[in-house]
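Protein sequence lines correspond, in order, to chains A and B.
Per this note's numbering: the first sequence = residues 4 to 260.
Per this note's numbering: the second sequence = residues 21 to 429.
A couple of the hints might just be wrong.
To be verified - The list that follows gives simulated cross-link-like pairs (lysine to aspartate or glutamate, EDC-like), each with its CA atoms no further than 20 Å apart:
1. A:K30 with A:D223
2. B:K415 with A:D63
3. A:K37 with A:E197
4. B:K419 with A:E169
5. B:K419 with A:D63
6. A:K91 with A:D67
7. B:K33 with A:D63
8. A:K92 with A:E69
9. B:K167 with B:E216
10. A:K92 with A:E198
11. A:K193 with A:E169
12. B:K167 with B:D219
Just so you know, these hints were derived from the structure itself, not from any lab.
Just so we're clear, the structure is a prediction, and the values are computed from it rather than from any experiment.
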Amino acid sequence: MDDNIVIQLSGLTKRYGYGDTASYALKDFDLTIKRGEFVMIMGPSGCGKTTLLNIIGLLDRATDGEYTLDGEDVSDISSSRQARLRAKKIGFIFQDFNLIQNLTVIENVALPLVYVNRPRTVRLKAASAALNRFHLSEREYYRPSQLSGGQQQRVAIARAIVSDPEIILADEPTGNLDSRSSSIVMEELKAIHEEGNTIIMVTHNPALTVYATRVINMLDGQIDTDVKTVADHNLPQPVSVKTKKRRRNKSAEKEEN
Amino acid sequence: MSLLLRTHLRLAKASIRQNRARSFLTCLGIAIGIASITLILSLTGSISSLIHQEVSGIGSDLIVVRPSRNKDSVTSIVEELTAANSFERSSLSLTDVSTISSVEGVTAVAPIAISTNTLSNEENTVSSATILGTSQDFITIEPLALKYGVFISDKNSENAVVIGHNLALNLYNTSNPVGRTLTFYGQRFIIVGVLEEIDSTINFDNVNFNNALFMDIEMMEKLMDFVQIQQINVRTLNTSLLEPISNNITSALKEHRYGDTNFSVSYGDSITHPASNLLTIISSMLAIVAGISLVVGGVGIMNIMLVSVSERTHEIGIRKAVGASAYNILMQFIFEAFILSILGTILGIFLGYLLAFLVSLVTPFSPHISWVIVAVTALTTIVVAIVFGTYPALKAARKRPIDSLRYYR
Numbered sequence: 004m005d006d007n008i009v010i011q012l013s014g015l016t017k018r019y020g021y022g023d024t025a026s027y028a029l030k031d032f033d034l035t036i037k038r039g040e041f042v043m044i045m046g047p048s049g050c051g052k053t054t055l056l057n058i059i060g061l062l063d064r065a066t067d068g069e070y071t072l073d074g075e076d077v078s079d080i081s082s083s084r085q086a087r088l089r090a091k092k093i094g095f096i097f098q099d100f101n102l103i104q105n106l107t108v109i110e111n112v113a114l115p116l117v118y119v120n121r122p123r124t125v126r127l128k129a130a131s132a133a134l135n136r137f138h139l140s141e142r143e144y145y146r147p148s149q150l151s152g153g154q155q156q157r158v159a160i161a162r163a164i165v166s167d168p169e170i171i172l173a174d175e176p177t178g179n180l181d182s183r184s185s186s187i188v189m190e191e192l193k194a195i196h197e198e199g200n201t202i203i204m205v206t207h208n209p210a211l212t213v214y215a216t217r218v219i220n221m222l223d224g225q226i227d228t229d230v231k232t233v234a235d236h237n238l239p240q241p242v243s244v245k246t247k248k249r250r251r252n253k254s255a256e257k258e259e260n
Numbered sequence: 021m022s023l024l025l026r027t028h029l030r031l032a033k034a035s036i037r038q039n040r041a042r043s044f045l046t047c048l049g050i051a052i053g054i055a056s057i058t059l060i061l062s063l064t065g066s067i068s069s070l071i072h073q074e075v076s077g078i079g080s081d082l083i084v085v086r087p088s089r090n091k092d093s094v095t096s097i098v099e100e101l102t103a104a105n106s107f108e109r110s111s112l113s114l115t116d117v118s119t120i121s122s123v124e125g126v127t128a129v130a131p132i133a134i135s136t137n138t139l140s141n142e143e144n145t146v147s148s149a150t151i152l153g154t155s156q157d158f159i160t161i162e163p164l165a166l167k168y169g170v171f172i173s174d175k176n177s178e179n180a181v182v183i184g185h186n187l188a189l190n191l192y193n194t195s196n197p198v199g200r201t202l203t204f205y206g207q208r209f210i211i212v213g214v215l216e217e218i219d220s221t222i223n224f225d226n227v228n229f230n231n232a233l234f235m236d237i238e239m240m241e242k243l244m245d246f247v248q249i250q251q252i253n254v255r256t257l258n259t260s261l262l263e264p265i266s267n268n269i270t271s272a273l274k275e276h277r278y279g280d281t282n283f284s285v286s287y288g289d290s291i292t293h294p295a296s297n298l299l300t301i302i303s304s305m306l307a308i309v310a311g312i313s314l315v316v317g318g319v320g321i322m323n324i325m326l327v328s329v330s331e332r333t334h335e336i337g338i339r340k341a342v343g344a345s346a347y348n349i350l351m352q353f354i355f356e357a358f359i360l361s362i363l364g365t366i367l368g369i370f371l372g373y374l375l376a377f378l379v380s381l382v383t384p385f386s387p388h389i390s391w392v393i394v395a396v397t398a399l400t401t402i403v404v405a406i407v408f409g410t411y412p413a414l415k416a417a418r419k420r421p422i423d424s425l426r427y428y429r
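Okay, chain A solo, but in the shape it has when bound (with noise of 0.2 Å):
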């Protein structure tokens, strides 16, 4: 199988309801995603774009089908395999920013670290470090309810990136935002994805579509359109991934010697 294939879809259905009640979410869904893509998927209201991302992020299950998360087949897993998951590989942006408001937010950044077994300092240096990044050093003590949308959902970001996942999950992450703040958060989005990141995003906003490298258009459950901007070896690759491979091709050579 391709190294770069990060998701792979096959069959998926989600049905809600039972015989003559039934309606299906997603239906006989397939999609393949590889490393570095920046996927946006548009469609009406009730086409199913929210139910994919959380199968996708293993919030929600399908009721049939094939999901394969990183070459390991996560279509049946437990509930507590699912958590690991979600700790070690995806990281999850909302549109109303969901941080817990009890804590600071730097603490907010750092909570996907708690569940991974980091030691405190550990967890408050990365999420510093993210912070950082998104210029909100100086926030970093402060409750999310005293930073403006835009800030909260930059907080949001820096969590998301914070534990380095796999694929970055964003629904509508400019819904609630102006379109100032919201040109910030996808320039945001757009430089975490040039460092390799693969980003898949649920918006209604089709101008945001120039910042994806891949669009796709539901309809009921299934992919009306699929759209790619980008040559697949165009994609940028993380770090991470290069030096994993080179590492894995020397090993290789090693075993030949």
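Based on these hints, arrange chain B on the given structure of chain A.
Showing chain B alone in chain A's frame:
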């Protein structure tokens, strides 16, 4: 693992600090339960240590023979507890006293027979006073001293009696009525001695000597036809011979009764057993009642935890989205319940001892502090926290992340 535990601890602390008033009230529920358990255990502990002190004060060279039924029934435990008073007819008799006296190594034997009657003289009447029939050895065995006069003995007339300090005051309005007379059972008696006042009202004879009248047991038998011998106190030559001598007493009595064993011979700490067994039962009953208030406190914890869980549904959703497993969430909330109940316990132990101290100001008991009490309360706390914290924590852990994320206050 320890890292995660520390994180949970910090989270729980933060959450408790955020809801100070609420957390304090929840702790108070637990604290009241723990305080009442501590108070009860501390007071009963002080009573039983008083009894033990009494025994060791008398000296450890004492053997006590008590009547008992043949041990053939399950109810014998209950009977043993109330052994002092419950027998319709005591199985011990005056011949047993002489049998025991003839056992080698025995230096003094004092039977104790209890009766009550109305005492009267020219001035006063005391109804249902304790009349204690015994022998002249009594004064050498018990830690008693005479204030005035002498104790009953062979040298005195049969009508000689000795009375306790309070009884002297009640009957004659003076502490020295030696030589004066009183009447009971239609007989006249002369007072030959008065005892010193005794501080401790609790002893292994179950008699308050301050209010008792002491007379010769043989005279008592003559008056009443039968004496109810509650116990026979035996003093021995040497502490190291306690066991062989008590065995000799047992076999001598057995022989005399053709094999019947309707008596018990005890020495050392077990002398206090009837009293301390009863005490244990009473105190555990009281502790169980106090335990009910602890259950109420536990329900308080559960209630507050449920509120906390539903208040923080959205937070749980976020935590799960960024990688918390159900187990992580479970531990987070169990820790919170745990800390609440530990705080309640610490508060409760302090409160309990404070109350015990206050009680000790007006009673002869001194608060009894022991690791057992702390261990018992700590253990109950753990149980309460686990029992009442688990359900809300499970409820939190089982929440589905997408539902929780959608939930807003």
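Does D67 (chain A) lie within 20 Å of K91 (chain A) when you go C-alpha to C-alpha?
violated, 25 Å
For the pair supplied as a hint, K33 (chain B) and D63 (chain A), confirm whether the alpha-carbon distance does not exceed 20 Å.
The given pair, whose Cα atoms are some 31 Å apart, is violated under the 20 Å limit.
Verify the proposed pairing of K415 (chain B) with D63 (chain A), using a straight-line Cα cut of 20 Å.
holds, 18 Å
Compare the distance between the alpha carbons of K92 (chain A) and E69 (chain A) with 20 Å, and conclude whether the hinted pair is satisfied.
holds, 18 Å
Is K419 (chain B) within 20 Å of E169 (chain A), Cα to Cα?
violated, 26 Å
Under the criterion that the straight-line Cα-Cα distance not exceed 20 Å, is the pair K92 (chain A), E198 (chain A) satisfied?
Satisfied, since the Cα-Cα distance of roughly 16 Å is no more than 20 Å.
Are K30 (chain A) and D223 (chain A) close enough, with their CA atoms no more than 20 Å apart?
holds, 8 Å
Starting from K193 (chain A), check that the Cα of E169 (chain A) is at most 20 Å away, please.
holds, 16 Å
Taken at face value, is the distance from the CA of D219 (chain B) to the CA of K167 (chain B) at most 20 Å?
holds, 14 Å
Hinted pair K419 (chain B) and D63 (chain A), Cα distance within 20 Å:
holds, 12 Å
Would the pair K37 (chain A) and E197 (chain A) pass a check requiring their Cα atoms to be no farther apart than 20 Å?
Holds, at roughly 14 Å.
Holds or violated: K167 (chain B) to E216 (chain B), with C-alpha atoms at most 20 Å apart
Between K167 (chain B) and E216 (chain B) the Cα gap is close to 5 Å, so the pair holds against 20 Å.
In the structure shown, a violation is registered for the earlier hints numbered 4, 6, 7, in ascending order.
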